[in-house]
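Student: Residue numbering for the sequence shown follows UniProt numbering, beginning at 1 and increasing consecutively.
Calculated directly from the structure, the hints in this document are not laboratory data.
Computed from a prediction, not measured in an experiment: that's the story for all the values here.
It is possible that part of the hints are untrue.
Claimed, not checked - In silico EDC-like links for lysine to aspartate or glutamate, alpha-carbon gap of 20 Å or less:
1) Lys-113 x Asp-126
2) Lys-400 x Asp-410
3) Lys-81 x Glu-105
4) Lys-461 x Glu-418
5) Lys-570 x Asp-635
6) Lys-53 x Glu-24
7) Lys-147 x Asp-137
Unchecked claim - Here are the simulated distance ranges between beta carbons:
8) Gln-666 x Lys-525: 36 to 44 Å
9) Gln-261 x Gly-283: 32 to 40 Å
10) Lys-659 x Asp-487: 47 to 55 Å
11) His-196 x Gln-55: 46 to 54 Å
12) Lys-147 x Asp-234: 15 to 23 Å
13) Tyr-536 x Leu-459: 46 to 54 Å
14) Asp-560 x Leu-663: 54 to 62 Å
15) Gln-451 x Gln-549: 43 to 51 Å
16) Lys-400 x Asp-560: 24 to 32 Å
17) Lys-400 x Gln-490: 19 to 27 Å
18) Ala-42 x His-196: 27 to 35 Å
19) Gln-542 x Leu-380: 32 to 40 Å
By construction, the Cβ of each residue, glycine as well, lies at the ideal position given by its N, Cα and C atoms.
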Amino acid sequence: GGKDRRSGLILTIPLCLEQTSMDELSVTLDYLLSIPSEKCKARGFTVIVDGRKSQWNVVKTVVLMLQNVVPAEVSLVCVVKPDEFWDKKVTHFCFWKEKDRLGFEVILVSANKLTRYIEPCQLTEDFGGTLTYDHMDWLNKRLVFEKFTKESTSLLDELALINSGSDKGTQQEKERSIDLNFLPSVDPETVLQTGHELLSELQQRRFNGSDGGVSWSPMDDELLAQPQVMKLLDSLREQYTRYQEVCRQRSKRTQLEEIQQKVMQVVNWLEGPGSEQLRTQWGIGDSIRASQALQQKHEEIESQHSEWFAVYVELNQQIAALLNAGDEEDLVELKALQQQLSDVCYRQASQLEFRQNLLQAALEFHSVAQDLSQQLDGLLGMLCVDVAPADGASIQQTLKLLEEKLKSVDLGLQGLREKGQSLLDQISNQASWAYGKDVTIENKENVDHIQGVMEDMQLRKQRCEDMVDVRRLKMLQMVQLFKCEEDAAQAVEWLSELLDALLKTHIRLGDDAQETKVLLEKHRKFVDVAQSTYDYGRQLLQATVVLCQSLRCTSRSSGDTLPRLNRVWKQFTVTSEERVHRLETAVAFHSSAEKILQECPEQPEAFNEMEQFDEIEAVGKSLLDRLTVPVIYPDGSEQYFGSPSDMASAAEHIREKMKLVSLKKQQLTQPEASTAES
Numbered sequence: 001g002g003k004d005r006r007s008g009l010i011l012t013i014p015l016c017l018e019q020t021s022m023d024e025l026s027v028t029l030d031y032l033l034s035i036p037s038e039k040c041k042a043r044g045f046t047v048i049v050d051g052r053k054s055q056w057n058v059v060k061t062v063v064l065m066l067q068n069v070v071p072a073e074v075s076l077v078c079v080v081k082p083d084e085f086w087d088k089k090v091t092h093f094c095f096w097k098e099k100d101r102l103g104f105e106v107i108l109v110s111a112n113k114l115t116r117y118i119e120p121c122q123l124t125e126d127f128g129g130t131l132t133y134d135h136m137d138w139l140n141k142r143l144v145f146e147k148f149t150k151e152s153t154s155l156l157d158e159l160a161l162i163n164s165g166s167d168k169g170t171q172q173e174k175e176r177s178i179d180l181n182f183l184p185s186v187d188p189e190t191v192l193q194t195g196h197e198l199l200s201e202l203q204q205r206r207f208n209g210s211d212g213g214v215s216w217s218p219m220d221d222e223l224l225a226q227p228q229v230m231k232l233l234d235s236l237r238e239q240y241t242r243y244q245e246v247c248r249q250r251s252k253r254t255q256l257e258e259i260q261q262k263v264m265q266v267v268n269w270l271e272g273p274g275s276e277q278l279r280t281q282w283g284i285g286d287s288i289r290a291s292q293a294l295q296q297k298h299e300e301i302e303s304q305h306s307e308w309f310a311v312y313v314e315l316n317q318q319i320a321a322l323l324n325a326g327d328e329e330d331l332v333e334l335k336a337l338q339q340q341l342s343d344v345c346y347r348q349a350s351q352l353e354f355r356q357n358l359l360q361a362a363l364e365f366h367s368v369a370q371d372l373s374q375q376l377d378g379l380l381g382m383l384c385v386d387v388a389p390a391d392g393a394s395i396q397q398t399l400k401l402l403e404e405k406l407k408s409v410d411l412g413l414q415g416l417r418e419k420g421q422s423l424l425d426q427i428s429n430q431a432s433w434a435y436g437k438d439v440t441i442e443n444k445e446n447v448d449h450i451q452g453v454m455e456d457m458q459l460r461k462q463r464c465e466d467m468v469d470v471r472r473l474k475m476l477q478m479v480q481l482f483k484c485e486e487d488a489a490q491a492v493e494w495l496s497e498l499l500d501a502l503l504k505t506h507i508r509l510g511d512d513a514q515e516t517k518v519l520l521e522k523h524r525k526f527v528d529v530a531q532s533t534y535d536y537g538r539q540l541l542q543a544t545v546v547l548c549q550s551l552r553c554t555s556r557s558s559g560d561t562l563p564r565l566n567r568v569w570k571q572f573t574v575t576s577e578e579r580v581h582r583l584e585t586a587v588a589f590h591s592s593a594e595k596i597l598q599e600c601p602e603q604p605e606a607f608n609e610m611e612q613f614d615e616i617e618a619v620g621k622s623l624l625d626r627l628t629v630p631v632i633y634p635d636g637s638e639q640y641f642g643s644p645s646d647m648a649s650a651a652e653h654i655r656e657k658m659k660l661v662s663l664k665k666q667q668l669t670q671p672e673a674s675t676a677e678s
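Use the sequences and the hints to build the structure in full.
Tutor: Encoded structure:
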């Protein structure tokens, strides 16, 4: 595979220690030199004689033999000498002096200096080069090439004989010739495959190299491998194509007859037993289970048809292949067979598909009807159970669940109508031509069943709606009842808070008459708020009584709420009256005291009535006494206003004002005493 610097091929002769047969070597060289083309031989050869493992006499004999075996194409012979050179006495023969007689130049060179004459990339690793070379691989490929050449040449002769016999004589002679020479001795497909694999291997090694290394082509175009393989493949393909055409013509008529027979088998079964099976299947069932049973039966019918449809597909492909062949004499007959087969199969397939869709629609209708029936049963069961909720929130939750169930029933009935109408449309589209019979009676039974189911569901839904309306009204009244009871209890709590605020925060009596009057006015407004709260609670409790009568039930909380409301209101009333009394007393006290304290002392006649002082003193003491007395409720319980410190502060202010009044009294009584003495 290597080349020298003149693009000539390199021939390597490895010698060994064993005895070398010159006859075998001569035969081998003749074989190798027969491989290259004449153009390649014209560029000359470079021969490498590897004598590192041989004797000088053997090397010399081989070099001299090249003069006879290899013609003048040898341009250079490189004798690779061993590291320990032969004895100079035995190597006195000088090849360079014999150049004219030998016809080529001979040089002795060490392996490491061989690259002076040949590029390293063209030398194998044995000589320090980088050229990849596998001798066993080359040998195997060469054997494959020669085997292919031998088999293909023999096969070409056989195919040519068969094909030439088919081109002569009458039709009977053709058939007889074909019968006698029908099978070649070698399988053409195998030979072609071998040739293609060989060609692919040659081309791959040419362009990609060997095992990813440097490109190496032991049998490239120059060595005639590829051109010969390609030429043989072309010839083989041409003869094999003609051979196939001969075989095809012979089998075409037999195939056509077989197709005609199979087509009639398919047509007769589909129009006979197949159609009869469908004629007996018309019902849609009255439940899910019945529809599923009909579907299972239909699947069995479809399974039987599928076997014949598979035959149809196969026949259609065969007919299409024959039509693509383009034989005019068979086109009309093939098209007629194809059309007849397609018409029958498509008609039967359409009937099967229609029946399958009808059964699927019936199954969906019955499934929706069953779901709706279960929803109506659940809703009816919920309506038949008496409502006994614990509070308004649970009633609201129950009412929401009831509305959701009713909405689900509405959607279910709507879906049932849609499925039923779709099923009725499919039934109405059934045509008597489908199986050649009148289907009015069967269709009427199916239509009556569908309409009966929808009407029954509509009536059941209407009854449930009426019951839902009654239950909704009752539950809304119960919600209102619970709300009234909750609000009444809240009114009691508010009134209790007002009472608590009255006792704990409404304790001041005012520092003068004006402030006390303001406190008295605020208290009256405070009492008005409490009165409104009490009235609101009474109205709510009255409403609970009315709702209980409407619902025919007893209230669970109003019986306790009303006494509580009345009790708190009585306590508030007593406490409020005590507060009013104290404020009114305080107003009277402050007004009288302020009047006396503000009058001019130069008018003693204004105080001639000492009873005023006594009255003020009596009012003040009465007020002080009330501050120490608790509020006594109707049930006998007691409650004080504010804390003791708050009451002590209010009492201290009253005592101070009483002291001022007493001091004023003393001031007025002293001038009167002086006047009396004088």
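Student: Each hint: holds or not?
Tutor: Hint by hint, here is what the structure shows:
Distance check on the hinted pair: Lys-113 and Asp-126 sit about 13 Å apart at the alpha-carbon level, within 20 Å; holds. In summary, the hint linking Lys-400 to Asp-410 is supported, as the alpha carbons are separated by about 15 Å, within the 20 Å threshold. A distance of roughly 16 Å separates the Cα atoms of Lys-81 and Glu-105; the hinted pair therefore holds under the 20 Å criterion. Our distance criterion of 20 Å between C-alpha atoms is met by Lys-461 and Glu-418, whose separation comes to about 16 Å.
For a cut-off of 20 Å, the pair hint linking Lys-570 to Asp-635 stands: about 10 Å separates their Cα positions. Of the pairs offered as hints, the one joining Lys-53 and Glu-24 holds, with about 19 Å between alpha carbons and a cut-off of 20 Å not exceeded. Simply put, Lys-147 and Asp-137 have alpha-carbon atoms about 15 Å apart, close enough for the 20 Å limit, and the pair holds. Between Gln-666 and Lys-525 the Cβ separation comes to about 42 Å, which falls inside the hinted range of 36 to 44 Å.
One distance hint, 32 to 40 Å for the beta-carbon pair Gln-261 and Gly-283, holds here, with the actual separation near 38 Å. Distance hint check for Lys-659 and Asp-487: the Cβ-Cβ separation is about 53 Å, which falls inside the suggested range of 47 to 55 Å. A hinted range of 46 to 54 Å for the beta carbons of His-196 and Gln-55 is consistent with their spacing of about 48 Å. Here the CB-CB span from Lys-147 to Asp-234 is close to 19 Å, well matched to the stated 15 to 23 Å.
Between Tyr-536 and Leu-459 the C-beta distance comes to about 48 Å, which sits within the given range of 46 to 54 Å. For the pair Asp-560 and Leu-663, the supplied restraint of 54 to 62 Å holds, since their beta-carbon distance comes to about 58 Å. Look at Gln-451 against Gln-549: about 47 Å separates their beta carbons, and that is inside 43 to 51 Å. The hinted window of 24 to 32 Å between Lys-400 and Asp-560 holds, with their beta carbons roughly 30 Å apart.
With their beta carbons about 25 Å apart, Lys-400 and Gln-490 fall inside the hinted range of 19 to 27 Å. The beta-carbon spacing between Ala-42 and His-196, approximately 32 Å, falls within the hinted interval of 27 to 35 Å. At roughly 37 Å, the beta-carbon separation of Gln-542 and Leu-380 lies within the given 32 to 40 Å, and the hint holds.
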